[in-house]
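Model the placement of chain G on the given structure of chain E, informed by the hints.
Number of protein chains: 2
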Amino acid sequence: MSQIRKDIFTDRWVIVEEGEGPTEFHFKKFARDAGFCPFCERNEAATPPEVFAIRNPGSSPNGPGWSVRVVPNSRPQLRIEGQLKRRAEALHDLMNGVGAHEIIAETSRHDRSLHELEIEEISNVIRAYRARILDLEGDQRVRYVLIFKNHGEGAGAHTISHSISQLVALPITPRAVKTKLKIARDYFALKERCVYCDVLQQELKGRKRLITENEDFVAFAPFASRFPFEMTVLPKFHSSAFSRIGATQIDNVSRILRDLLQKLDQSLGGPPYNLSLHDRPFLRRRGDYWNTIEEDFHWHIEILPQMFRITGFEWASGFFYNPVPPELAARSLSRGGRV
Amino acid sequence: MSQIRKDIFTDRWVIVEEGEGPTEFHFKKFARDAGFCPFCERNEAATPPEVFAIRNPGSSPNGPGWSVRVVPNSRPQLRIEGQLKRRAEALHDLMNGVGAHEIIAETSRHDRSLHELEIEEISNVIRAYRARILDLEGDQRVRYVLIFKNHGEGAGAHTISHSISQLVALPITPRAVKTKLKIARDYFALKERCVYCDVLQQELKGRKRLITENEDFVAFAPFASRFPFEMTVLPKFHSSAFSRIGATQIDNVSRILRDLLQKLDQSLGGPPYNLSLHDRPFLRRRGDYWNTIEEDFHWHIEILPQMFRITGFEWASGFFYNPVPPELAARSLSRGGRV
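Chain order of the listed sequences is E and G. Read in order, the letters of the first sequence correspond to residues 42 to 380 in the working numbering. Read in order, the letters of the second sequence correspond to residues 42 to 380 in the working numbering.
Since the hints were derived computationally from the structure, they do not count as laboratory data. Check each hint, because a few of them may be wrong.
The list treats identical chains as interchangeable, and a pair is accepted whether it falls inside one copy or across any two copies.
[Claimed, not checked] Simulated pairs of lysine-lysine, BS3-like, Cα-Cα distance not exceeding 30 Å: (1) 232 x 126; (2) 126 x 47; (3) 277 x 232; (4) 47 x 219; (5) 249 x 126; (6) 223 x 47; (7) 246 x 70; (8) 277 x 69; (9) 246 x 47; (10) 246 x 126; (11) 219 x 232; (12) 246 x 232; (13) 69 x 223; (14) 126 x 223.
The shape of chain E in the complex, shown without the other chains (with noise of 0.2 Å):
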């Protein structure tokens, strides 16, 4: 038998499987090539001009010794330069493709993934991730900064192995976004209270979907994750702007996401995933719809495991099937060991 699952934040359906699941999942493994890359130490000449970096004293801009260095895509989706030009063609809606699209090489090494880096390495990416979220808050132009990452060939990584980030800077707050904003200003406008506080509070009490947490941060596989081992980051603290994230809250967001790329890589044997930055919109005028953002929502992270093609069903319906019950999968991984 199995469950329809509402997922609360989004109002997505989900049908969840119960019992054992399956124990064998067939992917790809995350598999490093060997040839020359841009993102490596001594390469910079390759890649366009850094916008951003931690570097070592005492080395220049575009040379080596760094930790994190973030430059734009040299085939980017979305370009810098020009004026949007909103228009009509006939029925439809349009703009010009201007916006940001930039690499964050989240270390100088070939052979490193993002769980493999040490804390104050990650808590560098992370670093990189706020200034340049605040960098792009001073352009006008832009309304949403999304940052993701796609690690592996089956989470659309087929041309990199080196361990990168994305940041795509757009000219129109996503739909995805708009939903959970919109959700989450229902919910407190019915409750006076946040819904991902709500939720945060219900996970930690219950605990049956707890992967793990730390003094600033939670993890647990949502009750209606679309995917097996899917796994949400709250924040402890109510926070609806990630660039407002402080030093202490930096290395435990480093340590919580460390700990969860391990256990996905020890209990999964390295599958694809995909990981996202959730974070407010820029708030670009008083009296905006927006206006209650800072206490409705709540900036979190999702880990998503690609095991599974999705297939018509998905795409037609938004609904999603998850073989692998929420509960059994934070039990795994909490434990840490095989599937």
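Chain G alone, transformed into the frame defined by chain E:
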């Protein structure tokens, strides 16, 4: 340079590349396995008893001699027995996995894909879709019937290579369907016209995204295509319910589908694809929220070639990135030669 385009039916934004696009795609071509197949003629005993079939005169149920055969999935995501028992678990909402999950064997032959069948055989598949929807409309627990097809491993069909469609009957209208219904309703409220009829007229007039048409149907590359070579099939006649399709229309939809799938095969060399029928939900109550659906909504078919894995960008934002402009895709497909 790219454009950011909005899909008028879903409010989804897509970054569409301008220019000539990539000419090579890396995907796993469809491959037929040769093991035992429960959907082949004479293996009828290997499936649960059929719920519908189009049979040769004199043949018996669950024996050989059929053109299309519908059986319950032996490992269903949802089961037909039992009550829904809608309930809460603390903050979360859930119900039992009640519904239906059926397999529509499109042919008794293992060595034929849908686009390789005769028009009369494809028409029988369409008749099976109609018959199953009409039957399930009688089950008051069912709100929506989704019919879809996964062709090839890259489209999620990793276990079955026999040419099948799948049917899932759901006790809730999926979120993706509700989004389309709401947008169509708002459009009608504003303009007193169906948004699908309007786009149909525009694409027929503009012709630059038109792929093919016949007396009853038109196929075009949608303005904000998420995937390279994405195709939408719209009836030229306004109708919200697929199950009201008539005999000539069945013949014409079969012709256009075979034509499109053959073009896809010829132009791109057999890519994986998902096909789905976008129908209205069942009307269960007078005064229902969807009570204007007959004039608002217009059923359609989507064909999504799957030549890339989607990434953290799509998962987190609902935004898509498409490197092939739909105008170019329509030109290639309507010519029918190799891309």
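task = Go through the copies and call it for residue 223 and residue 47: within, between, both or neither, with a Cα cutoff of 30 Å.
result = both (16 Å within a copy, 20 Å between copies)
task = Classify it for me, residue 277 with residue 232: is the Cα-Cα distance of at most 30 Å met within a copy, between copies, both or neither?
result = within (19 Å within a copy, 47 Å between copies)
query = When no copy is named, should residue 126 and residue 47 be tagged within, between, both, or neither for a Cα gap of at most 30 Å?
reply = Between copies only: 14 Å across chains, 39 Å inside a chain, cut-off 30 Å.
ask   = Which holds for residue 219 with residue 232 at a C-alpha limit of 30 Å: within a copy, between copies, both or neither?
value = both (20 Å within a copy, 25 Å between copies)
ask   = Is it within, between, both or neither when you check residue 47 against residue 219 at 30 Å Cα-Cα?
value = both (18 Å within a copy, 15 Å between copies)
key: Identical-chain pair category, residue 69 with residue 223, by Cα at 30 Å   = neither (37 Å within a copy, 39 Å between copies)
request  = Go through the copies and call it for residue 277 and residue 69: within, between, both or neither, with a Cα cutoff of 30 Å.
outcome  = Cα proximity of residue 277 and residue 69: none, with 35 Å in one copy and 44 Å across.
Alpha-carbon proximity between residue 246 and residue 232, which holds within one copy, between copies, both or neither at 30 Å = within (20 Å within a copy, 51 Å between copies)
query = Which holds for residue 126 with residue 223 at a C-alpha limit of 30 Å: within a copy, between copies, both or neither?
reply = Both: 27 Å inside a chain and 28 Å across chains, each within 30 Å.
inquiry  = If the cut is 30 Å between Cα atoms, do residue 249 and residue 126 qualify within a copy, between copies, both or neither?
reply    = between (50 Å within a copy, 22 Å between copies)
query = Is it within a copy, between copies, both, or neither that the alpha carbon of residue 246 lies no farther than 30 Å from that of residue 47?
reply = within (20 Å within a copy, 42 Å between copies)
inquiry  = If the cut is 30 Å between Cα atoms, do residue 246 and residue 126 qualify within a copy, between copies, both or neither?
reply    = This pair counts as between: shortest inter-copy Cα distance 25 Å, intra-copy 50 Å.
Hints 7, 8 and 13, counting from the list given before, are not met by this structure.
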